[in-house]
Amino acid sequence: MAGVTAALFKTPGWWRALAYTIIAGAFGFALVVALRKVSGLPAFQTEQTGYPQVIVPAITAPLGFLVGIGCFDYWFRWAVGAPTFPVEREHENHGANSLRDYFKVNTDHKVIGIQYLVTTFFFFFVGGLIAMIMRAELAQPGTQIVDPSTFNSLFSTHAAIMIFVFVIPAFAGIANYVLPLMIGAPDMAFPRLNALSFWMLPVAGLLFVGSFLAPGGAFDAGWTGYAPLSTGAPLGQSFFNLGVQFAGASSIATALNFLVTIVTMRAPGMNFWRLPLLVWANLSTSLLVVAATPFIAGVQFMVLFDRILHTNFFQAAFGGDVISYQHIFWFYSHPAVYIMMLPGFGIVSEVISTHSRKPIFGYRLMALALIGIVVLSYSVWAHHMFVAGMFSWLRVPMMITTLLIAVPTGIKIFSWLGTLFEGVIHLRSTAMLFALGFIATFTIGGISGVMLGMIPLDIHVSDTYFVVAHIHFVLFGGSVFTIFAGIYHWFPKMTGRMYDEKLGRFHFWGTLLGTWGTFIPMHWVGMDGMPRRVADYAAQFGDWNLLISVFAFMLGAAQLVFLYNMVVSWRFGPKAAANPWRANSIEWQVSSPPPIFNFDEIPRVVGGPYEFGVPGAKHAIMAGEGREAKEPEPAVAGTTT
Amino acid sequence: MRGLPLPKLIAAILVLTVVTSVIMLIPNWDGEQASTAASKIDTLLDVMIVLSSFVFSIVMVMMIYSIWKWRAKPGDESDGAPIHGNTKLEIAWTVIPTVIVLFGAVYSWITLSNIEAHDRDRMVVDVYSQQYEWHFNYPETGTTSRELHVPVDRQIEFRMHALDVLHSFWVPEWRIKKDNVPGITTRAYVTPNKTGDFTLVCTELCGIGHATMRAPVVVEGSQATWQEWAAKQPPIKEGEVPGETTPKVIRQ
Chain A
1 MAGVTAALFK
11 TPGWWRALAY
21 TIIAGAFGFA
31 LVVALRKVSG
41 LPAFQTEQTG
51 YPQVIVPAIT
61 APLGFLVGIG
71 CFDYWFRWAV
81 GAPTFPVERE
91 HENHGANSLR
101 DYFKVNTDHK
111 VIGIQYLVTT
121 FFFFFVGGLI
131 AMIMRAELAQ
141 PGTQIVDPST
151 FNSLFSTHAA
161 IMIFVFVIPA
171 FAGIANYVLP
181 LMIGAPDMAF
191 PRLNALSFWM
201 LPVAGLLFVG
211 SFLAPGGAFD
221 AGWTGYAPLS
231 TGAPLGQSFF
241 NLGVQFAGAS
251 SIATALNFLV
261 TIVTMRAPGM
271 NFWRLPLLVW
281 ANLSTSLLVV
291 AATPFIAGVQ
301 FMVLFDRILH
311 TNFFQAAFGG
321 DVISYQHIFW
331 FYSHPAVYIM
341 MLPGFGIVSE
351 VISTHSRKPI
361 FGYRLMALAL
371 IGIVVLSYSV
381 WAHHMFVAGM
391 FSWLRVPMMI
401 TTLLIAVPTG
411 IKIFSWLGTL
421 FEGVIHLRST
431 AMLFALGFIA
441 TFTIGGISGV
451 MLGMIPLDIH
461 VSDTYFVVAH
471 IHFVLFGGSV
481 FTIFAGIYHW
491 FPKMTGRMYD
501 EKLGRFHFWG
511 TLLGTWGTFI
521 PMHWVGMDGM
531 PRRVADYAAQ
541 FGDWNLLISV
551 FAFMLGAAQL
561 VFLYNMVVSW
571 RFGPKAAANP
581 WRANSIEWQV
591 SSPPPIFNFD
601 EIPRVVGGPY
611 EFGVPGAKHA
621 IMAGEGREAK
631 EPEPAVAGTT
641 T
Chain B
642 MRGLPLPKLI
652 AAILVLTVVT
662 SVIMLIPNWD
672 GEQASTAASK
682 IDTLLDVMIV
692 LSSFVFSIVM
702 VMMIYSIWKW
712 RAKPGDESDG
722 APIHGNTKLE
732 IAWTVIPTVI
742 VLFGAVYSWI
752 TLSNIEAHDR
762 DRMVVDVYSQ
772 QYEWHFNYPE
782 TGTTSRELHV
792 PVDRQIEFRM
802 HALDVLHSFW
812 VPEWRIKKDN
822 VPGITTRAYV
832 TPNKTGDFTL
842 VCTELCGIGH
852 ATMRAPVVVE
862 GSQATWQEWA
872 AKQPPIKEGE
882 VPGETTPKVI
892 RQ
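Chains A and B supply the protein sequences, listed in that same order. Under this note's numbering, the residue at position 189 of the first sequence is numbered 189, and the numbers go up by one with no gaps. Under this note's numbering, the residue at position 236 of the second sequence is numbered 877, and the numbers go up by one with no gaps.
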């Protein structure tokens, strides 16, 4: 009995998580019912925008889960002045010795990185499956498979899952794993906060998916959740409002962690001009996340309050302002597209430099371009609203900044091409194929973005399939291609094993062909008059849509090859060397997978990270090899401090 | 730029630009043109297609050439040339794209002011949108209808009123779109220049009937035939919003 009590209430883990989830959920439920009774109201309120007896437990139960699984144990002890952990147990939750350790709260950035990636790819396949159902429905005009209400739920959940619990956190997962290694740090600055950031993610994902169980179905006002459709929508919308809070809090905490880690935990000699571009990219991304994400968190609370507390932020009939929702929403959600792209730029820089055996062309301009994008991206949001009926003069300055942001993005593309110039280009790695495929695909997405930025063209194609084509060219052809490049590039480092290149190639070509085949025709049907977010469409678009669906299924099938390759290679792949790609950055100078505390001795950085072909150049001196290389090398990509 | 066969590369870029542009320009992607704005917007699109093809061709030719030219021979584990950059080139690929996009911005701005210029003798039509239907009031004749009829060659000022949630007014052949927003009146200006039947499509997600929220649009051959048709429609009831059979506040 004592053992059971300990398992339920003392020992962090799944049993306690389950117990606390139930207790906290029951507490929330009882609180609502009791307060309503005291106020003389009926115990349950089942207006579709109401359901406080569901909303409050949907807030308290996840918090109970986070406490139960053990995210707060150390902090609670510390806060109440209780002894925290004895020194010998200090690192009890650090590192994984078995599969089971990946299912616990863990403070090792490498374990958390894997937790992130496995979780986000789980949601990638959930979101992908939803996309397949949609393409099946859209293969023919009329409605065949799902009714319009379900269809609205499908595209809303597809986007919310892909954006909030796949693309954004998948990049955080990759950076979590490699960034501390790259800068020569033993871990992230706040390992416990890092663990909490991770555990909020499955909560967000489950709230999105769980909304399918709500009366009235999953949220169906689009991932944009425009008011007042969202403020009047059925219960599922509240799950979206809450899911965004958990995903957003996770994102903000991780960004703070990256910022502090990058600023304070660089190895000696690692000045800013010696940072690998992946680190620069995550620095820029984190600057965006910490300042922009609170806006979407705020605006989703405003919608939630309009729904359950009857505030009138967006109720025109009661003095609310409908368009202000869009301004606040896009003030986050436009920077968010760079949050979903800059880390990918970092990954591609690492991959292209390594596999063409060349220093990054124009390293400093590459870093400055990232900062330029960060600054500009705060001043372009209203280009999503050219036809929204906002103050019409505002459209022109927003158009100019929107077009100008193509310049730093172009700099990056040209600099990658410059990096290929006179290189020794190896196409043996699937990572390199995805990086090159990314350049071609993202260029098209960037071009259609410039077109959308031009007000007269946007007036015509706004809210049509042209927009669907554009966002998938930048989010799939951009973000997801770079995520794949990153996964293939660091798979040997993370797992200690090599993946199968033949299957990798198959995955790449299937994905490239699938992406272009699916999304290029969407531009055309959009320009020709097909609106987006429709279960049914005019018969004239039938042939194109059938073609799009066929390519979409091919794209989906190619991802199964990836899944098989990852799972089987992780288990049975040949052992990986420490540095299979012969890269310079620090993560490759330690074993694959790296030791539990990364370094026996913190490395000393003596040069830039991309000094391929420079005679005698060195990026970092690792423990035990320092004696013969005392003289710092002349740093070509940067100055010594 | 030692070692680069520049004339050949430039030729390849130009050929690819021409081929891509021609392929993209032959079909009229935007569909039929039925307003004065349509040809201006389509011309802007065509200019952008050519410019985009040029940029795309540069990237593709340079990438494919580099991969073909400098692909590692089997067993070659050497490093590439230690080139760290080229300041002139970097300035060039910052400045030239800036000039191109600013050209695009100015051109768009001019086009925008052209298509949104107001005619003095324009006709006002009030548009009322609600889940999931459209109503049109014609102040000139004091009548109302559920089909949109307008005369050809006269500018129409659409004043849009959303009665419940956001909707968006789009006639693809006119190229003009505008959201209908609860609480405010938004406006769009269209001069139809082609008679015939078209379809008004809702393009802002508005609920389960969004996909089928359409209305017939008829552009009449002259002011007189339009007048004749409009006069036969039911009159606007004073102080009543058309179509509003139930209170349209979503909740109290």
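Just so you know, these hints were derived from the structure itself, not from any lab. Misleading hints may appear alongside valid ones.
In silico PhoX-like pairs for lysine-lysine, Cα to Cα no more than 25 Å straight-line [unchecked claim]: (1) A:Lys575 x A:Lys502; (2) A:Lys502 x B:Lys873; (3) A:Lys502 x B:Lys710.
Practice prompt. With a cut-off of 25 Å on the C-alpha distance, tell me whether Lys502 (chain A) and Lys873 (chain B) pass.
Written response: violated, 72 Å
Discussion item. Can you confirm whether the C-alpha distance between Lys502 (chain A) and Lys710 (chain B) stays at or below 25 Å?
Written reply: Distance ~24 Å between Lys502 (chain A) and Lys710 (chain B) Cα, so the pair holds.
Worksheet item: If you draw a straight line from the CA of Lys575 (chain A) to the CA of Lys502 (chain A), is it 25 Å or shorter?
Response: holds, 17 Å
Hint 2 alone, counting from the list given before, is not met by this structure.
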